[in-house]
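> The lines below spell out each chain.
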Amino acid sequence: MSQEMYEKLAQVVIVGEPEKAAGLAQEALDQGLDPLDCINQGLTKGIQRVGELFASGDYFLPDLIIGAEAMKNALAVLEPVLTAGGQGREVLGHAVLGTVEGDLHDIGKTLVGTMLAANGFRVTDIGTDVPAADFVEAAKENGANLIGASALLTTTMSEQQKIIETFEEAGLRQKVRIMVGGAPVTKSWCDKIGADGFAKDAISAVALAKRLVGAA
Amino acid sequence: MANLEPLRPNLHLDVLSSEQVSAIRAATLDVLEHVGVCFPSEKALSVFEDHGADVDRESHIVRLSPDLVTEAMREAPRSYVLGGRTGDADLLLDGKTCYLATDGCGVETLDFETGERRTSCKDDVARMARVSDFLGSISFYWPMVSAQDHGKTAPLHELEASFRNTVKHVQTETVMGPRPAQYAVRMGEAVAGSAKTMRQRPPFSVLICTIAPLAQDKEGIEAGMVYAEAGIPVGFMAMPNMGATAPATPGGALVVGNAEVVSAMVLMQLVAPGAPVFHSILASVMHPHTAEYVVGIPHKYLCNAAAVQLAHDWGVPALAGAFGMDAEEPGSWQQGRDNAYTALLVPLAGADLITGSGLLEASTLLVPEQIILDDEVYHINRVLLNGLDTDGESLALDVISDVGPKGHFLAQNHTRQRLRDIWIPTLTHPRPGPGGPPPEDLQERARAELERILTDHEPEPLSETIQQELRTILAAAARDLG
Chain R
1 MSQEMYEKLA
11 QVVIVGEPEK
21 AAGLAQEALD
31 QGLDPLDCIN
41 QGLTKGIQRV
51 GELFASGDYF
61 LPDLIIGAEA
71 MKNALAVLEP
81 VLTAGGQGRE
91 VLGHAVLGTV
101 EGDLHDIGKT
111 LVGTMLAANG
121 FRVTDIGTDV
131 PAADFVEAAK
141 ENGANLIGAS
151 ALLTTTMSEQ
161 QKIIETFEEA
171 GLRQKVRIMV
181 GGAPVTKSWC
191 DKIGADGFAK
201 DAISAVALAK
211 RLVGAA
Chain W
1 MANLEPLRPN
11 LHLDVLSSEQ
21 VSAIRAATLD
31 VLEHVGVCFP
41 SEKALSVFED
51 HGADVDRESH
61 IVRLSPDLVT
71 EAMREAPRSY
81 VLGGRTGDAD
91 LLLDGKTCYL
101 ATDGCGVETL
111 DFETGERRTS
121 CKDDVARMAR
131 VSDFLGSISF
141 YWPMVSAQDH
151 GKTAPLHELE
161 ASFRNTVKHV
171 QTETVMGPRP
181 AQYAVRMGEA
191 VAGSAKTMRQ
201 RPPFSVLICT
211 IAPLAQDKEG
221 IEAGMVYAEA
231 GIPVGFMAMP
241 NMGATAPATP
251 GGALVVGNAE
261 VVSAMVLMQL
271 VAPGAPVFHS
281 ILASVMHPHT
291 AEYVVGIPHK
301 YLCNAAAVQL
311 AHDWGVPALA
321 GAFGMDAEEP
331 GSWQQGRDNA
341 YTALLVPLAG
351 ADLITGSGLL
361 EASTLLVPEQ
371 IILDDEVYHI
381 NRVLLNGLDT
391 DGESLALDVI
401 SDVGPKGHFL
411 AQNHTRQRLR
421 DIWIPTLTHP
431 RPGPGGPPPE
441 DLQERARAEL
451 ERILTDHEPE
461 PLSETIQQEL
471 RTILAAAARD
481 LG
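Going down the list, the sequences are from chains R and W.
Under the numbering used here, the first residue of the first sequence is numbered 1, with each subsequent residue one higher.
Under the numbering used here, the first residue of the second sequence is numbered 1, with each subsequent residue one higher.
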């Protein structure tokens, strides 16, 4: 019985049905199943399978994102119950992501967030056009250990440097790893401003994030 | 199942107006009536004489009245089948579909293993037939190089290597002369199963080159008559070289080429009324300083497309030329430029058959991986020729409204489904998959794909009985032809 439900939860992620995910998670709780088992034996297995299908070239980015949305919707039902019971889901790290001040580009940063969430990170997305100080605030509030700053314009790249400086001024630079990304961002820029890492797309951002938090 | 992905163009381009086509037809008929074409064959001359043509036995020049030409060409079918070795490889020339062949008949190969330039051999023909059997872009196979390790019977060995290694239709452009042609017909019967089946679904056809200007090759034309009588489709290709063997104008080259091809097709209809024939003109220009044969020029592309219209004006299928241009280096800018133009223009013009991919240096050098590079160009054109779909669902109003300003379409089911319909060239943008990332260098990537096909693909085998029959025919031909 429980095995069947775990399989359904995995499938809702693999097939990609975000609209059904929350209802299914509730059904699992109503059956008295343990929310942590639902996550570990259902949703996580599903998202791993999605990852495999993506790596083999069968799945495209939209399949990945829709699968991750399904996972997110189910987690939104399961996690509060888990927390109320004094338990927590094991995460690799907590990331705060945002697009730097003066820059409204959203998609790349959102993709990274989706990919990180699907790969075991807790993600707080603080949106676009975010001042450096707000990155520091969000990191403090959430106890984040990973920061992702996105910039799509040559004119806004310098904000990434400002974010690093702001963390230093706040005395928090040693507590977080900072990764930078965006079309004009390069490895040499990353090194120059003293960021901890750079990734050229959302897939390599996951590998980078894992490395930065010591999970890979 | 035979892997066939022919072109079915929704887009069309006529490079000639109907008035221009009529003018070229009138000029062609004028040349056939007043200038004539040389047929150095007693048999051909007798056939023409029997049908009331003006024949000069001494100069071998035949002059044909417009009525004789028109009447004879009326017999030629517009639509027929080029048979595959298996039924699912049959090609119906229906006027809507365009089939690509490999190029032929090269004389040198960059060796499959060492990459060194050497004389071509039968094994090259066999290996490339296997690759062509696999590739969806290739609908029928021209033996790509000469089987120079088999002396005078090389052309028959090319045919045998092809039959053995692909189920796809084979078109020879080397089995010439009436006696070799008879052996080829016997081979065709063996593969088809009977003479009757061979007429219905001929497993091979023949392309014969005319001689510019305004002459026929004795061996070619006499082989043509043998084939026509046996029901094997016969095409004629004129290769007018502007400035040298043809006037230095595209119009003049088309008239000369048309006269050569039409006079030969008329002979086939007189010998065997209703014989399946096809028409082909491949123009080129003489380099004005070196006299070099140059094909990578815009006037040639226009002539190739115009020739398709001329073929259809005579009510027969068109074989058009694409790929196989001047370039000496695969994967070069020049090679890409020239191949892209020719390979797009002739299906736009409505060609029924196209030759051919895979050779370089004006169709003389086989670089094995070139066929993979050409395959990619072919598939790009396949998408281009479809045009665009703008039906209700593809206008995506619902999704546009769901996403709204400043959102993104990545997480939409519509995106998920329809993004798959947008084909992205796979050689330049390989999809992730097992076996790790492909080589960085494009030519090496093509090379790796070629090697994968040669390792993995086994064509449906030709039955041992038929293989034995073919060997017997080859042995008899070797004794007979020396």
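No lab work stands behind these hints, which were simulated from the structure alone.
Virtual Cβ for every residue (Gly too), placed ideally from N, Cα, C.
Incorrect hints may appear among the rest.
[Stated by the list, open to error] Per the computed footprint, the stretches of chain W lying under chain R, defined by three or more beta-carbons under 8 Å from a beta-carbon of chain R, are:
| id | segment |
| --- | --- |
| 1 | 401–414 |
| 2 | 432–441 |
[Stated by the list, open to error] Just a sample of chain R residues kept apart from chain W, beta carbon distances all over 12 Å, derived:
| id | residue |
| --- | --- |
| 3 | G171 |
| 4 | A199 |
| 5 | K200 |
[Said to hold, decoys possible] Using C-beta positions, here's what the derived DEER-type ranges look like:
| id | chain 1 | residue 1 | chain 2 | residue 2 | range |
| --- | --- | --- | --- | --- | --- |
| 6 | R | A76 | W | V399 | 21 to 27 Å |
| 7 | R | P131 | W | P437 | 49 to 55 Å |
| 8 | R | T155 | W | Q417 | 34 to 40 Å |
> Each hint needs a verdict: does it hold in this structure or not?
Verification of the hints:
Coverage of the segment 401–414 of chain W by chain R holds in this model, with 6 residues showing a Cβ closer than 8 Å to a Cβ of that chain against a need of three. Coverage of a stretch by a chain is defined here by at least three residues with a beta carbon nearer than 8 Å to that chain's beta carbons; for the segment 432–441 of chain W and chain R the count is 3, and the condition holds. Consistency note on G171(R): stated as away from chain W, and its beta-carbon is indeed over 12 Å from all of that chain's, at 36 Å minimum. Distance check for A199(R) against chain W: the nearest CB is about 16 Å away, which clears 12 Å, and the non-interface claim stands.
For K200(R), the requirement that its beta carbon stay farther than 12 Å from each beta carbon of chain W is met, with the minimum near 14 Å. Taken as a hint, the range 21 to 27 Å holds for the pair A76(R) and V399(W), whose Cβ atoms sit roughly 24 Å apart. Checking the proposed 49 to 55 Å range against P131(R) and P437(W) shows it is violated: the Cβ atoms sit about 39 Å from each other. For T155(R) and Q417(W), the Cβ-Cβ distance of about 37 Å falls inside the hinted range of 34 to 40 Å, so the restraint holds.
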